[in-house]
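Participant: Protein sequences appear in the order of chains A and B. Our numbering puts the first residue of the first sequence at 1, with every later residue one more than the last. Our numbering puts the first residue of the second sequence at 1, with every later residue one more than the last.
Derived by calculation from the structure, the hints in this document are not laboratory data. Even glycine gets a Cβ: it sits at the ideal position worked out from N, Cα and C. Honestly, I wouldn't trust all of these hints.
Label pairs and their calculated CB-CB ranges [to be verified]:
{"#": "1", "chain 1": "A", "residue 1": "D56", "chain 2": "B", "residue 2": "K3", "range": "44 to 54 Å"}
{"#": "2", "chain 1": "A", "residue 1": "S67", "chain 2": "B", "residue 2": "N58", "range": "37 to 47 Å"}
{"#": "3", "chain 1": "B", "residue 1": "N52", "chain 2": "A", "residue 2": "G51", "range": "18 to 28 Å"}
{"#": "4", "chain 1": "A", "residue 1": "G51", "chain 2": "B", "residue 2": "T31", "range": "28 to 38 Å"}
{"#": "5", "chain 1": "A", "residue 1": "Q57", "chain 2": "B", "residue 2": "V14", "range": "25 to 35 Å"}
{"#": "6", "chain 1": "B", "residue 1": "V24", "chain 2": "A", "residue 2": "V12", "range": "31 to 41 Å"}
{"#": "7", "chain 1": "A", "residue 1": "V113", "chain 2": "B", "residue 2": "V13", "range": "16 to 26 Å"}
{"#": "8", "chain 1": "B", "residue 1": "I60", "chain 2": "A", "residue 2": "L79", "range": "27 to 37 Å"}
{"#": "9", "chain 1": "A", "residue 1": "F10", "chain 2": "B", "residue 2": "N52", "range": "16 to 26 Å"}
{"#": "10", "chain 1": "A", "residue 1": "P8", "chain 2": "B", "residue 2": "T78", "range": "34 to 44 Å"}
{"#": "11", "chain 1": "B", "residue 1": "E44", "chain 2": "A", "residue 2": "T86", "range": "27 to 37 Å"}
{"#": "12", "chain 1": "A", "residue 1": "L79", "chain 2": "B", "residue 2": "T5", "range": "24 to 34 Å"}
Incomplete in silico selection of chain A near chain B, CB under 8 Å [what the hints assert, rightly or not]:
{"#": "13", "residue": "G42"}
{"#": "14", "residue": "Y48"}
{"#": "15", "residue": "V60"}
{"#": "16", "residue": "Y64"}
{"#": "17", "residue": "F90"}
{"#": "18", "residue": "G107"}
The primary structure of each chain is shown beneath.
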Amino acid sequence: NAGVTQTPKFQVLKTGQSMTLQCAQDMNHEYMSWYRQDPGMGLRLIHYSVGAGITDQGEVPNGYNVSRSTTEDFPLRLLSAAPSQTSVYFCASSSPGAGPGYTFGSGTRLTVV
Amino acid sequence: AQKVTQAQTEISVVEKEDVTLDCVYETRDTTYYLFWYKQPPSGELVFLIRRNSFDEQNEISGRYSWNFQKSTSSFNFTITASQVVDSAVYFCALSYTGGFKTIFGAGTRLFVKA
Chain A
1 NAGVTQTPKF QVLKTGQSMT LQCAQDMNHE YMSWYRQDPG MGLRLIHYSV GAGITDQGEV
61 PNGYNVSRST TEDFPLRLLS AAPSQTSVYF CASSSPGAGP GYTFGSGTRL TVV
Chain B
1 AQKVTQAQTE ISVVEKEDVT LDCVYETRDT TYYLFWYKQP PSGELVFLIR RNSFDEQNEI
61 SGRYSWNFQK STSSFNFTIT ASQVVDSAVY FCALSYTGGF KTIFGAGTRL FVKA
């Protein structure tokens with residue numbers, strides 16, 4: 001099992017550029033989420049999805065879009081990158097029937113210059 | 001409002017000491033889940049434990065133990081006989097709204113010196 005796969009691992013963007021962070025899981029988990037981690041602030045929820053076709057906003061959704069067309073994939077789109085979006089991004093998946101807790105991807109370190 | 005507070009920003013101990021990481025939470029939900037995660041220097045997030053709000057039994061797993069007290073809204077984590085490999089950032093988290101949303105504390109960085 002690959003678990004949760006995030007690509008890319010590192011990315012540098014210029015202000016105003018757009019990009020998509022990819023997240024895929026092979027555990028048939030219903031729930032998927034995106035978090036950003038900033039120094040001293042823990043992880044903050046950006047968007048989450050409880051199943052294909054269903055998404056909702058978390059704590060810090062501004063500047064990000066998501067969609068969930070399949071159970072496996074949950075991409076995060078940055079529409080117009082800003083330096084404030086410099087962060088480490090984690091994707092996570094879980095399913096109550098699959099066991100406790102969240103499974104996290106290895107993270108994407110994004111720098112916006 | 002939902003909130004998780006980890007008041008200890010950094011803790012430094014010498015190997016073999018016991019250490020307790022504090023976690024205090026706030027929620028209006030009657031059904032919720034509490035988690036602890038470990039983030040070693042390599043950066044990945046490692047799930048350690050989940051507790052639901054109806055299960056106040058303490059849990060022990062090897063050198064790790066967790067104390068859940070609803071009366072004080074606390075879910076503390078103790079490492080017995082700490083080891084250098086325990087050096088990491090530890091996050092406490094609260095999951096609510098049926099488990100759909102999770103909020104994290106700011107984390108406690110633990111240094112274990114040889």
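Participant: Each hint needs a verdict: does it hold in this structure or not?
Facilitator: Comparing the hints with the structure gives:
Here the CB-CB span from D56 of chain A to K3 of chain B is close to 20 Å, at odds with the stated 44 to 54 Å. A hinted range of 37 to 47 Å for the beta carbons of S67 of chain A and N58 of chain B is consistent with their spacing of about 42 Å. For N52 of chain B and G51 of chain A, the Cβ-Cβ distance of about 21 Å falls inside the hinted range of 18 to 28 Å, so the restraint holds. For the hinted restraint 28 to 38 Å between G51 of chain A and T31 of chain B, the CB-CB distance of approximately 20 Å leaves it violated.
For Q57 of chain A and V14 of chain B, the Cβ-Cβ distance of about 45 Å falls outside the hinted range of 25 to 35 Å, so the restraint is violated. A beta carbon spacing of about 38 Å between V24 of chain B and V12 of chain A agrees with the range 31 to 41 Å that was offered as a hint. Roughly 39 Å separates the CB atoms of V113 of chain A and V13 of chain B, a value that falls outside the hinted 16 to 26 Å. A hinted range of 27 to 37 Å is violated for the C-beta pair I60 of chain B and L79 of chain A, which are about 47 Å apart.
Checking the proposed 16 to 26 Å range against F10 of chain A and N52 of chain B shows it is violated: the Cβ atoms sit about 37 Å from each other. The supplied range of 34 to 44 Å is met by P8 of chain A and T78 of chain B, whose beta-carbon atoms lie about 38 Å from each other. Range check, E44 of chain B to T86 of chain A: Cβ separation about 20 Å, and the 27 to 37 Å hint is violated. The hinted window of 24 to 34 Å between L79 of chain A and T5 of chain B holds, with their beta carbons roughly 33 Å apart.
Interface hint at G42 of chain A: satisfied, since its Cβ lies 4 Å from the closest Cβ of chain B, which is below the 8 Å cut-off. A least Cβ separation of about 6 Å between Y48 of chain A and chain B falls short of the 8 Å threshold, and the interface hint therefore holds. Against a cut-off of 8 Å between C-beta atoms, the interface hint on V60 of chain A is violated, since the closest Cβ of chain B lies about 11 Å away. Given the 8 Å rule on beta carbons, the hint for Y64 of chain A is violated: about 16 Å separates it from the nearest Cβ of chain B.
Evaluation of the F90 of chain A hint against chain B yields a held restraint, the C-beta minimum of about 6 Å falling below 8 Å. Taken as an interface hint, G107 of chain A checks out: its beta carbon lies about 6 Å from the nearest beta carbon of chain B, inside 8 Å.
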